[in-house]
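Student: As a plain string of letters, each chain reads:
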Amino acid sequence: MPQSIPGSGTTDMTETNFLLAEFCRNRLALIGAVIIGIIVLCAIFAPLIAPFDPAEQNLRERLQTPSIQHPFGTDDLGRDIFSRVVFGSRISLSIGICVVGITALFGTILGLLSGYGGRAIDEVIMRFVDIMLAFPSIILALIIAGLLGPGVVNVIIALSLTQWPAYTRLVRGMTLSMKEKEFVEAARALGASDTYILRKHILLNASNPIIVLATMDIAQTIIFAAALSFLGLGIQPPTPEWGSMLKAGIPYLRSATYITFFPGILLMLTVLAFNFIGDGIRDTLDPHTKEMTLVK
Amino acid sequence: TDAGQTGPSEQVLTIGMSTDVPLWQNSNFPGGDGRFVWSQIYETLVRVDTDLNIEPGLATSWDTPDDGKTWFFYLRDGVIFHDGTPLNADAVVYSYNENSYVRAQGALQTIASVEAVDDLTVKFVMKRPQPLPLYLTHVAWPVVSPTCVDSNGNFIKPIGTGPYAFESHTKAQQVVLTKNENYWGTAPTLDMVIFKVIPEASTRVMALETGEVDMIIKVPESDCIRLENTPGITVSRKVSTFTDFLQFNTKTSPFDDIRVRKAVAYAIDTEEMSETILEGIGIAARGRPYSPVMLYSNPDLALYSQDPAKSRQLLEEAGWTLSGTDTIRKKDGRELKVSILVGRGVWAARHIQMAEAAQSYLSDVGMGLEVKVLEDGALNQLESAGDFGMILRSGYFVWGPYPRHFWLHSSQYPNSHYQNEEYDRIATAADTTGDETRQKELYYQLQDMVIEDLPAFYLIHEEKIVATNDHIQGYTITSEDPWLNLAGITVR
Amino acid sequence: MALIEIKNLNVHFYSRNDIVKANNGVDLSIGENEIVGLIGETGCGKTILGRAIMRLLSPNVSLEGSILYLGRNILDLTQQEIQAIRGREIGMILQNPAASLNPVLPVGEQVAEVFRCHLGNSVAEAEQKAKGLFEQVGIDPARMKEYPHQFSGGMKQRVMIAIGLAATPKLLIADEPTKGLDKERKWQIITLMSDLIRKRSVSMLLITHDLEIAEAICDRIAVMYAGEIIEIGRTADIMQRTLHSTTHPYANALIHALPKYGMMPIPGEIPSLSSLPSGCRFHPRCAERREDCSQVHPEMREIQDNHLVRCLYRGVSNEHP
Amino acid sequence: MSILEVRNLRKVFTSGIFKKTTITALDGVTFSLKRGSTLGILGSSGSGKSTLARSLLRLIEPTSGQILMMGQDVTHVPHHSLGWLPQKIQIIFQNPESSLNPRMRIYDAIAEPLRIHSICTGDEEEDHILDLIGRVNLNPELLFRYPFELSGGQLQRVVIARILALEPECIVADEPTSMLDASVQAQILNIMKDLQESRGISFIFISHDRDVVEWMSDQIAVMEHGKLVEWI
Amino acid sequence: MYAYIVKRLALVFLVMSGVTVITFGAMYLAPGDPAEIIATARYGQDLTPGQIEWVRSTEHLDDPVYIQYLTWLNHIIRLDLGRSLITFDDVAEEIAVRFPTTLTLALASLILSLCIGIPVGIISALHKNAFLDYTTTSIALLGVSMPNFWLGLILIWFFSLYLRVLPSFGSGGISHLILPAVTLGASMAAITMRLMRSSMLDVMGQEYIATARAKGLDKRTVLFRHALKNALLPVITFSGLQLGFLLGGTVIVETIFAWPGIGKLLVDSIYARDYSMIQGCVLLIGLLFAITNLAIDLLYASIDPRIRYDRHD
Ligand SMILES: Nc1ncnc2c1ncn2[C@@H]1O[C@H](COP(=O)(O)OP(=O)(O)OP(=O)(O)O)[C@@H](O)[C@H]1O
Ligand SMILES: Nc1ncnc2c1ncn2[C@@H]1O[C@H](COP(=O)(O)OP(=O)(O)OP(=O)(O)O)[C@@H](O)[C@H]1O
Ligand SMILES: [Mg+2]
Ligand SMILES: [Mg+2]
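Residue numbers (our numbering), protein chains in the order written: chain A, 1 to 296; chain H, 1001 to 1492; chain V, 2001 to 2321; chain X, 3001 to 3232; chain B, 4001 to 4313.
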């Protein structure tokens, strides 16, 4: 177990390295990172890993149970489920990460503005958030799919446009309580600008709940995307994507369970992994958490 | 009968259907599965039997003195509506009045007037000759009682002459019908029929298996074989009038070129499609537009068989060539990529599979296909704008045995993307003659033309599937889709 | 017989990187009706000692030694047994009244609860008793329905005192009951507490930074440094002798840091409890350190009746000049 | 010459949007502070000491009156053109734990003013910080810890160190030691005194502990209900 | 406080007009010719151009959007939600029939998620980083990652078909409610559980919990009287948001369980461009959402005495 707390000059460990080391010490987080790492690698090297073209059909070999040749079996059109799951990681991960990235960023900025910018701005943003929350998001998805045509990018846009208010609410609450803190006042006394304070003080302290929300959200987003395709607005066939694979497997839920089983498992693993990572990041960034492993 | 209470000896049939009955007035179209319910309450002047043969309905006979320009229907005597109102010519005149949606619809806009000649004789005057009895078999165009509405014209409740009378309707949940003791025909065998609304197909199937419903309509193909092998469940299947087809946009490249359309027809193996993804349910159409159960369907039509080599050759001839390691053909630097639109709706599940299969067949011959599953509005928009290559559709005909297209026809359907004067002329001629031999001849010509000019490529003649459990005996399935045949059913 | 007798108590916290040795070999006893003051610099382990007696420490702790309460070792008690002792036999006033009152419960309720829990009083009885207690600590009982945020710091502190004294425990551990208060209020509270304590014959462990207060009410004073008690004795002895540099150099320096005595800071840094200096814990900062101070860890030595000091030289040199 | 002059400063807090209530926290405060000297302000809780301290740095906008910083009126200058003010006047708060961001390491907390005002380049930063903590006698070992890992006295020295980075001419200390124990208090106050001697910094020293104020100040004012009522 | 409620209710109107304006604008932007879609829904596929034009003119679809909106608003002010453009049913009546079922389901799943999420969250917090914590956390995450269209069917399969203990579809008694409520509640319960866990951990570390223990209170009292109330605050906020979502976002579960609720009505209306029905649903959902939020805020204030809405700064 590494011992030294870095002192100035005595160690060449940079801040990032230090945090990284901290993070790696959290075993679950490490497992999560490894799982995500593997999935990301699968996504990047999908063409090398997948034994078949994910869109290649073989109607004569449809609905085959898992075998050596088709480790996850084949689907209703005789496509190799393993290859589809591997390629599907690209789409699913991009949707999850992009949407959460965009909404977390956007929602956070608006939340900061709302919480820090004074009553007028706050009222305007919060009422807008209320409107967005009360507005059925399917209408928005419908318009976007209609105006831009269906497809991955548009699913991302549609979901992003509807998901941000949660972050805004959260961050606003944090900002409101944070800006009353004395250390913020101290920073103002030092001459820090508002943007500096928002960035360095408020955001840093609000990051825990944002991270927790975001990691939970990645899974929700992938599922929402599938739900959109349930309503005819989502990702277009034959694009392999976990959510739509689950959806397409529904008619075969009882006769060929493996069609939904494997994308389902992958989805679950991803969710688990992101949550582990989220917990890990939170613990790493939070100076108070020191893993209580008994040394004795 | 007291509807709320069912004694042990009472015959109650519970049916699971996919949509609610949107409304009961004849001012609007009863969309979705509502027509299955309508067909128990309301009846038509002319009927079809389970094999689509014409037979008398509320009219015992009909004739046309002038080759289809004027039609006289002679009503059955002694028939009364559920509320005791007698069925007479006035009721028929009321049912087909100018404000009924029947008169506004494309197919029957040709009716000029409807008059009562005497108590039991109705006269339909047409704007042009038309085989009206065939049209009037449509369950959505029935005879309704004038007492359905009050004196202010406000709708009260559905009143027809059918074997079952309307009892109650709980929106989005169920419709309850009770036996019509005064039914003019063979006495109905059930005391009560309950239609339950279960939108999700998988749930419907499981509700049948648990016995919560005794009969389900619209069984998904993927469950069909399994259900057939499930003890205690009987699956009834019959080829219906519905056919799935690929409608081409013949006005723009590449499908403005007949060779490219044909290349599609040669590339696709509709037999394999029906054998595999549809689990052997339905008949491979191989281009044949009219389902074999239809009147005038030509059994000897020269059909397409899959021939990828020929398909490739046709594409080459049309100038779409492959070079190097390309997988998609090109012409003048443009790739051979087209979109196929699929609607979101009851057919979506099978259509998406079929579209994906088509995608694979076509990519084998070097054509790229982009599947777009769309909500109706979006599909509608692309269709009106002509911004598509193909549309995968189902249906297409006037219900009943009578094969009148209304979507290819350029002069009738506003969004048709097929313009062929000859086709329109023959179609109109076939629709205006009352002479059956002449009609047959003209419809045979039309079928040849569809095969030849390929405005659309017909894939699968669908089968209607109804599953029942052991409680039910004596069910006979019909060919016609919106009609549910409950005659002679008994519940154990 | 001593009410509580702490023997060789070691309280160590295990954290990911290091072990925080918050209390090391602490020996302390408190007799009946006695007020013992515990003083020492920030972070030297005073609160930890108090909380160790109550067994109120975070789970990453290891406790060694014994805390005998009327002959029973608190550290061996079961959860139920310690629960029965907390509040009823030993009361505690936690350090930070602002954070130590539940923000969502009315203050009166938080006091009355103790009666219900330990004396089995009915709701009405408990309220009645709480009312009496509020009057005793000088808060209008009409304000019992209010919530902590409606109370000023001094009032909250008084509520904490009321909670600590509610079940008339035999021992009260008061952790800096006057921190952050202005002078008047401070004395108000201290007088109040010592009155109540004397009236009810309660013993007290008073943890404080404020030497004046300690001097005013304590019978004995213990001085703590880096997790160890380095000097303990009667108040007068400690105050007088240390003022005249006759006992532990740290205690001496602490007194000289008061404005009254010249505001002389102790040079150097408080040692980290996870890497304690060898030998005498104070030697790096000690003006009088000698060579072996850094090697030999001094034991407590009685330099006078009931006056013990942990220094190799002080006291010794006194007696043998 | 006086470094800071305050004329007739008033601050009225209004609160509530339906029922307006007003509290006059400062009620015509006037004083001037000579360069290099210390003004002690005594007063009981709620008398307006902290309000005065915050107003001087424009952390609170005074309702009326004037604040002259080295002869220049800073009362109504907009905030964005007040960039130089932090380099002239600084504040030490009562509770060192809450005046440092709990998620920021000590190093970054001290580097903050350097970075905000671009006082030095990135390479020089470390040396600069070592120099600063040297002035307040802080062990460099502590630089990479988080605030909760430090004692109160250490934290207050960190606060002072980061303020010194700006080389202020005047420091307002708002009860800087009331949360600390006697020896640490002595340490902090001695550091402040040393700074005054070595750098000629002026102080406004706020406390309710008469002994401490007397020890620190050249001149003492007593505040009551927002007014300076008595000069000692 | 009353002044605050009045002010909030005034804002509800603001929000509602916002929601309806956006809905109107959005539906205007939605693809396709509304007249044609409405006509198809009314008269079937065999349309004539005349019918489309008839719909367009009788339903005033050719008016500029803002005129359409103002007309609608004009009716609303007179408490007239209008009639469906497709079935001509009275919108208010239709919603009145559908809404109670939706509310039942929404409340049931919310209660279910709270009943599962809160205790499990507490257990998990009390056993932080122990086996029990990891297991409950993993099960919770399982709940989040199971799409409800999948979970719903699996539940029907297992409980209705295999065990034959619960009905597979429809609404009615409690037995009908269980499966859809579980389906909807599962992922919510998971999030509630995670939230409860972290907030419980925060609270358990607070000094006032130490005080409670120092008083000698038994574990249960410390937990339920002292910790729970504080730890519940974030969960309450979240539940308020969730209830809003449940009122409008349950279409998938409603479809699977043939549950006659407002979610499916809304989606079907959207597809059919049944403007008056859409507006009616949106209005109701929005109103409920706003009122729920107000109720949550008031509940919040009643739990946490520090929160006062009638004072600012
Ligand atoms: N749970 C814990 N884990 C690790 N270290 C801890 C824990 N609790 C306290 N400590 C450490 O133990 C030491 C003693 O703390 P304690 O609170 O007893 O000091 P104190 O003497 O009461 O100081 P103060 O006068 O500031 O209250 C401190 O250095 C503190 O950081
Ligand atoms: N933001 C504010 N809004 C309303 N009133 C305020 C505000 N800040 C301070 N006050 C009020 O102004 C008065 C003076 O407060 P201030 O904080 O200056 O007192 P103080 O002398 O520093 O007291 P203490 O010794 O307790 O720190 C108090 O009555 C306080 O309630
Ligand atoms: Mg302490
Ligand atoms: Mg103050």
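Possibly wrong hints are sitting among the right ones.
What the hints assert, rightly or not - From the structure, some residues in chain V lie toward chain B, with a derived Cβ separation under 8 angstroms:
hint, residue
1, G2087
2, N2096
3, N2102
4, V2104
5, E2113
6, I2163
7, Y2261
8, M2264
Stated by the list, open to error - Examples of chain B residues toward chain H, derived with CB under 7 angstroms:
hint, residue
9, A4026
10, P4031
11, G4032
12, T4048
13, V4097
14, P4100
15, D4133
16, I4156
17, L4161
18, L4166
19, F4169
20, P4260
21, S4276
No lab work stands behind these hints, which were simulated from the structure alone.
Every residue gets a Cβ at the ideal spot worked out from N, C-alpha and C, and that includes glycine.
Student: Now tell me, hint by hint, if it's right for this structure.
Tutor: Hint check results:
{"no.": "1", "hint": "G2087", "result": "holds (3 angstroms)"}
{"no.": "2", "hint": "N2096", "result": "holds (6 angstroms)"}
{"no.": "3", "hint": "N2102", "result": "holds (4 angstroms)"}
{"no.": "4", "hint": "V2104", "result": "holds (5 angstroms)"}
{"no.": "5", "hint": "E2113", "result": "holds (7 angstroms)"}
{"no.": "6", "hint": "I2163", "result": "holds (6 angstroms)"}
{"no.": "7", "hint": "Y2261", "result": "violated (33 angstroms)"}
{"no.": "8", "hint": "M2264", "result": "violated (34 angstroms)"}
{"no.": "9", "hint": "A4026", "result": "violated (12 angstroms)"}
{"no.": "10", "hint": "P4031", "result": "holds (4 angstroms)"}
{"no.": "11", "hint": "G4032", "result": "holds (3 angstroms)"}
{"no.": "12", "hint": "T4048", "result": "holds (5 angstroms)"}
{"no.": "13", "hint": "V4097", "result": "holds (5 angstroms)"}
{"no.": "14", "hint": "P4100", "result": "violated (12 angstroms)"}
{"no.": "15", "hint": "D4133", "result": "violated (36 angstroms)"}
{"no.": "16", "hint": "I4156", "result": "holds (5 angstroms)"}
{"no.": "17", "hint": "L4161", "result": "holds (5 angstroms)"}
{"no.": "18", "hint": "L4166", "result": "violated (9 angstroms)"}
{"no.": "19", "hint": "F4169", "result": "holds (5 angstroms)"}
{"no.": "20", "hint": "P4260", "result": "holds (3 angstroms)"}
{"no.": "21", "hint": "S4276", "result": "violated (15 angstroms)"}
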